[in-house]
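**Student:** Line order of the protein sequences matches chains A and B.
Just so we're aligned: 298 in the numbering used here is position 298 of the first sequence, and the numbers increase by one with no gaps anywhere.
Just so we're aligned: 59 in the numbering used here is position 59 of the second sequence, and the numbers increase by one with no gaps anywhere.
Treat the hints with care, since some could be wrong.
[To be verified] So, partial list: chain B residues that the calculated Cβ filter (under 7 Å) puts toward chain A:
id, residue
1, V3
2, D5
3, T8
4, A170
5, R171
6, K173
7, W177
8, E214
Since the hints were derived computationally from the structure, they do not count as laboratory data.
Ideal Cβ positions, reconstructed from N, Cα and C, are used throughout, including at glycine.
Number of protein chains: 2
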Amino acid sequence: MAVTDIATRTWDHNWRLDPIVRSLLDTDFYKLLMLQMIRHLHGDVDATFRLINRTTTVRLADVIDEGELRAQLDHARSVRFAKKELIWLAGNSFYGKQRMFAPDFIQWLSEFQLPPYELHRVDGQFELTFDGPWTHTTMWEIPALAIVNELRARAALRDKGRFALDVLYARAKAKLWDKVERLRALPDLVISDFGTRRRHGFLWQRWCVEALKEGLGSRFIGSSNVLLAMDNDLEAIGTNAHELPMVLAALASDDAGVARAPYRVLEEWQAHYDGNLRVVLPDAFGTAAFLRDAPDWVAGWTGFRPDSAPPVEAGEQIIAWWQAHGQDPREKLLIFSDGMDVDSIERVYRHFHGRVRMSFGWGTNLTNDFRGCDPDGAAGLEPISLVAKVTRANGRPAVKLSDNPAKATGEPAEIARYLRIFGADGRQESVVSV
Amino acid sequence: MAVTDIATRTWDHNWRLDPIVRSLLDTDFYKLLMLQMIRHLHGDVDATFRLINRTTTVRLADVIDEGELRAQLDHARSVRFAKKELIWLAGNSFYGKQRMFAPDFIQWLSEFQLPPYELHRVDGQFELTFDGPWTHTTMWEIPALAIVNELRARAALRDKGRFALDVLYARAKAKLWDKVERLRALPDLVISDFGTRRRHGFLWQRWCVEALKEGLGSRFIGSSNVLLAMDNDLEAIGTNAHELPMVLAALASDDAGVARAPYRVLEEWQAHYDGNLRVVLPDAFGTAAFLRDAPDWVAGWTGFRPDSAPPVEAGEQIIAWWQAHGQDPREKLLIFSDGMDVDSIERVYRHFHGRVRMSFGWGTNLTNDFRGCDPDGAAGLEPISLVAKVTRANGRPAVKLSDNPAKATGEPAEIARYLRIFGADGRQESVVSV
Numbered sequence: 001m002a003v004t005d006i007a008t009r010t011w012d013h014n015w016r017l018d019p020i021v022r023s024l025l026d027t028d029f030y031k032l033l034m035l036q037m038i039r040h041l042h043g044d045v046d047a048t049f050r051l052i053n054r055t056t057t058v059r060l061a062d063v064i065d066e067g068e069l070r071a072q073l074d075h076a077r078s079v080r081f082a083k084k085e086l087i088w089l090a091g092n093s094f095y096g097k098q099r100m101f102a103p104d105f106i107q108w109l110s111e112f113q114l115p116p117y118e119l120h121r122v123d124g125q126f127e128l129t130f131d132g133p134w135t136h137t138t139m140w141e142i143p144a145l146a147i148v149n150e151l152r153a154r155a156a157l158r159d160k161g162r163f164a165l166d167v168l169y170a171r172a173k174a175k176l177w178d179k180v181e182r183l184r185a186l187p188d189l190v191i192s193d194f195g196t197r198r199r200h201g202f203l204w205q206r207w208c209v210e211a212l213k214e215g216l217g218s219r220f221i222g223s224s225n226v227l228l229a230m231d232n233d234l235e236a237i238g239t240n241a242h243e244l245p246m247v248l249a250a251l252a253s254d255d256a257g258v259a260r261a262p263y264r265v266l267e268e269w270q271a272h273y274d275g276n277l278r279v280v281l282p283d284a285f286g287t288a289a290f291l292r293d294a295p296d297w298v299a300g301w302t303g304f305r306p307d308s309a310p311p312v313e314a315g316e317q318i319i320a321w322w323q324a325h326g327q328d329p330r331e332k333l334l335i336f337s338d339g340m341d342v343d344s345i346e347r348v349y350r351h352f353h354g355r356v357r358m359s360f361g362w363g364t365n366l367t368n369d370f371r372g373c374d375p376d377g378a379a380g381l382e383p384i385s386l387v388a389k390v391t392r393a394n395g396r397p398a399v400k401l402s403d404n405p406a407k408a409t410g411e412p413a414e415i416a417r418y419l420r421i422f423g424a425d426g427r428q429e430s431v432v433s434v
Numbered sequence: 001m002a003v004t005d006i007a008t009r010t011w012d013h014n015w016r017l018d019p020i021v022r023s024l025l026d027t028d029f030y031k032l033l034m035l036q037m038i039r040h041l042h043g044d045v046d047a048t049f050r051l052i053n054r055t056t057t058v059r060l061a062d063v064i065d066e067g068e069l070r071a072q073l074d075h076a077r078s079v080r081f082a083k084k085e086l087i088w089l090a091g092n093s094f095y096g097k098q099r100m101f102a103p104d105f106i107q108w109l110s111e112f113q114l115p116p117y118e119l120h121r122v123d124g125q126f127e128l129t130f131d132g133p134w135t136h137t138t139m140w141e142i143p144a145l146a147i148v149n150e151l152r153a154r155a156a157l158r159d160k161g162r163f164a165l166d167v168l169y170a171r172a173k174a175k176l177w178d179k180v181e182r183l184r185a186l187p188d189l190v191i192s193d194f195g196t197r198r199r200h201g202f203l204w205q206r207w208c209v210e211a212l213k214e215g216l217g218s219r220f221i222g223s224s225n226v227l228l229a230m231d232n233d234l235e236a237i238g239t240n241a242h243e244l245p246m247v248l249a250a251l252a253s254d255d256a257g258v259a260r261a262p263y264r265v266l267e268e269w270q271a272h273y274d275g276n277l278r279v280v281l282p283d284a285f286g287t288a289a290f291l292r293d294a295p296d297w298v299a300g301w302t303g304f305r306p307d308s309a310p311p312v313e314a315g316e317q318i319i320a321w322w323q324a325h326g327q328d329p330r331e332k333l334l335i336f337s338d339g340m341d342v343d344s345i346e347r348v349y350r351h352f353h354g355r356v357r358m359s360f361g362w363g364t365n366l367t368n369d370f371r372g373c374d375p376d377g378a379a380g381l382e383p384i385s386l387v388a389k390v391t392r393a394n395g396r397p398a399v400k401l402s403d404n405p406a407k408a409t410g411e412p413a414e415i416a417r418y419l420r421i422f423g424a425d426g427r428q429e430s431v432v433s434v
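Build out the structure end to end from the sequences listed, making use of the hints.
**Tutor:** So this is what it looks like as structure tokens:
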């Protein structure tokens, strides 16, 4: 007897939307950590975020229907933090610490809503911008990226038959599990999911997280996705992002203030967080410049997250800097999270094993690797390099230099100014694939 | 909102049995073709069938619970042909022929029930025998094999977690689809599913059949499984089996009668069926002996199905025989069905392409290839060589010599007698893996 729940089926007939963002916790943990500090110290700053598709060959506005995109963005704006989510944020410990989020911040979150967006089609791309208080626009980064990426995947799969989809997901599961089995061979591996922003889709990210939990056990320390961390009793993972030094540098009144911005961010951060949350993201304006001008106390922080230089070189550079500052790297942490996949994880793990504590943030190649999985061999599922970056703060232009010029953002004149301030030491161009 | 149909869930709580055989059409088509002839010409013959596990290292009775086996066999005995199944058998055309099954046969099937079985545990194996009218015991062959194979797979998977099962089936699907993509490269391929008896399970065979239909299109000509053929609007594929010459030889009153049995079967067969159903299964008592003594009219039959000799050698031998009898092999058909997999299909296809019509019956390695798929790497899913053979006819011992002595069945003294009658020309031992 085939059983169909008629009420469910009838409900399904009338689906207006299959929402991509169903919870405001479906975001990266670092957004909440940053948000608490931004609200505390910079509650009056306006910041503009903008979607940037670095893979210009993929004309997103030709692939994704604008109406569908608006419907998903509008739906995300209708979502609020649920009571049980706020209770969990308030009652859970993060990085071993109770009450990470202050009661007044939790109270403030209870009325939080994603702010309005502006959307235009220009030249086959979407111009999607978020303008307003930094405390609100910052929260669009992850949902906006997740929505665009998932809509793109849905478009690629729209005309596929039931069977092709079955084979596609079977292959993707088999492929991921083969990666898990390779990673199992690394006994001291410490790895987490950083794949929310670039994921194929929410359900697929959930499967990937469950796979790592099942397959890697305690070597899988958690997910950057707060909702998945809550639902799977995992640690929520993350610290801070480029937007902090970018905004502070943009707001600086002179070049000296720009030069000091990266360290001011760290001062502010350590007034809020300690321990494993004290992780330096050194590459906003070039790692070489950052290390060259860093005050000694920065060497007392727990670790660094090199995010745009080649990982082995970046790690060696940071280890040498620690040693020059009298630190034992074996008590320090390096977090590698820039386009990692099993090959590079294995290589970096073996290179540094025993010399430094390491942790890997596995993003796009965890949650969006469908290469070779489509039985029709069709295009549209290869990941693209889509980011949402802060472009202005209180109307002033924001800049990211990065260790890789291909990842720089900002107006050309401002980039030139920042290069004069920080220098171009150690910057090297590499292809940005994800 | 998570929706659960409460009635279904409550019903599921109380499952007594998840039946393996749910339809009497869940059998191989050749059983029905043979059954119609057996009933017509040999309705008074008793035949004993017996399960034989040639993979003696796998102790089936230690793996499968006897109570579960009895429950499944009992359930199969409770199944009858459904009215719509008989209407389909009567109304469908098979091999392009209408009314393949006579009305009185269809009428007789409507009351058909699988006969009693005898089951004992001996030395870690099951002694499972079916004794009674040939018209009834013959129908146990496929369901008995399918039941034992699926119970073994269920036992191997009993303690697996939800996730391990998910990965296992994902890998199996990915593996089969990789095979499909290789077979697509053979433009004139003609292939069918012969995997009922050795299948991992019914649902898995159904997926495999759907995969071939989806992936190979018209190159996939159908399934030996009558139920799957009906449900998927495919051709039901099959002709005849060793039990026919084995029973007729066993019933022969003297050695000359035994020697004549293989040709008598063909005479009886061609009185019932024509065209593509006139396929010789030459190896019951050795292909060399069969060809040596065959009357000229056998060369007029459509094709041969070599089933135990190495396929290239067997094909060459049969082609040479056709040529010696003035036949053009390009108008003849060879059906390869003995333990084929993609490697051997490619090799045989390329060897004979353009010289003879070919068709492949893909069995165990289609519907039961889980090698390398279990994330726990556990044993119990590798296919075994399980057969159900006729052992006696009207109380007289039955013998199969085969081209491969490892596939011979029967009492040693009788095998020796048959070897005196037919000779041992061309028999060569090879490992029987499936």
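**Student:** Work down the list of hints and note, for each, if the structure agrees.
**Tutor:** Structure-based check of all given hints:
no., hint, verdict
1, V3, "holds, 5 Å"
2, D5, "holds, 4 Å"
3, T8, "holds, 5 Å"
4, A170, "holds, 4 Å"
5, R171, "holds, 4 Å"
6, K173, "holds, 4 Å"
7, W177, "holds, 5 Å"
8, E214, "holds, 4 Å"
In this structure, every one of the numbered hints holds.
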